[in-house]
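Q: Sequence:
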Amino acid sequence: MAHRPAAGAVAAPAPQAAQDVPLFQALEWLGEAAESRDGYSRELFRHWNKGLNPTDGCDTRREVILAEAKLAPEVGARCALSGGRWFSEYDQVWVTSASSLDVDHVDPLAEAWDSGASAWTAPGARPTPTTRELRRR
Numbered sequence: 274m275a276h277r278p279a280a281g282a283v284a285a286p287a288p289q290a291a292q293d294v295p296l297f298q299a300l301e302w303l304g305e306a307a308e309s310r311d312g313y314s315r316e317l318f319r320h321w322n323k324g325l326n327p328t329d330g331c332d333t334r335r336e337v338i339l340a341e342a343k344l345a346p347e348v349g350a351r352c353a354l355s356g357g358r359w360f361s362e363y364d365q366v367w368v369t370s371a372s373s374l375d376v377d378h379v380d381p382l383a384e385a386w387d388s389g390a391s392a393w394t395a396p397g398a399r400p401t402p403t404t405r406e407l408r409r410r
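Okay, so the sequence shown: first residue is 274 according to our numbering, each after it adds one.
Worth flagging that the hints you see were computed from the coordinates, not collected in a lab.
Keep in mind that this is a model prediction, so the values were computed, not measured.
Yeah, the Cβ is synthetic: ideal placement off N, Cα and C, and Gly gets one too.
Heads up, a few of these hints could be off.
What the hints assert, rightly or not - With a straight-line cut-off of 25 Å between C-alpha atoms, the simulated SDA-like cross-links for lysine to any residue are:
1) Lys323 to Ala390
2) Lys343 to Gly356
3) Lys323 to Trp302
Claimed, not checked - Between beta-carbon pairs, the in silico distance windows are:
4) Asn326 to Glu301: 39 to 49 Å
5) Val379 to Ala291: 20 to 30 Å
6) Gly389 to Gly349: 37 to 47 Å
7) Phe360 to Ala290: 38 to 48 Å
8) Phe297 to Ala383: 40 to 50 Å
Generate coordinates for the entire structure from the input sequences, incorporating the hints supplied.
A: Below, the structure is given as structure tokens:
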């Protein structure tokens, strides 16, 4: 068990070279900055794009579902998915319907905005969020 310093204690400056330290110490070395949601809109981020192969009809959502399948589903016209099997790590159940799955951002877009995405280049150049999680609806 690590010792946590008292509230208000002054943290030592971060070292110039890598070293092993308790997590609480490393966290104290991180800087803090004010966050702002001013100007935020989900529409400023590109969402489900046409996927890696724009001609196969599989958008990013379906590509994630295909990649995470424990038993691959059949892929029909326009990337219609049927069959298949997925395991939900969140509630420890098997899922057999792709339509009952959500593909979500592990880090919410609003948090990314608050933490500095608002300073990224023009809206059209903002990257598609690719960090993902697969969960049962």
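Q: Would you mind marking each hint as holding or not holding in the structure?
A: Structure-based check of each hint:
no., hint, result
1, Lys323 to Ala390, "23 Å, holds"
2, Lys343 to Gly356, "11 Å, holds"
3, Lys323 to Trp302, "41 Å, violated"
4, Asn326 to Glu301: 39 to 49 Å, "46 Å, holds"
5, Val379 to Ala291: 20 to 30 Å, "26 Å, holds"
6, Gly389 to Gly349: 37 to 47 Å, "41 Å, holds"
7, Phe360 to Ala290: 38 to 48 Å, "42 Å, holds"
8, Phe297 to Ala383: 40 to 50 Å, "27 Å, violated"
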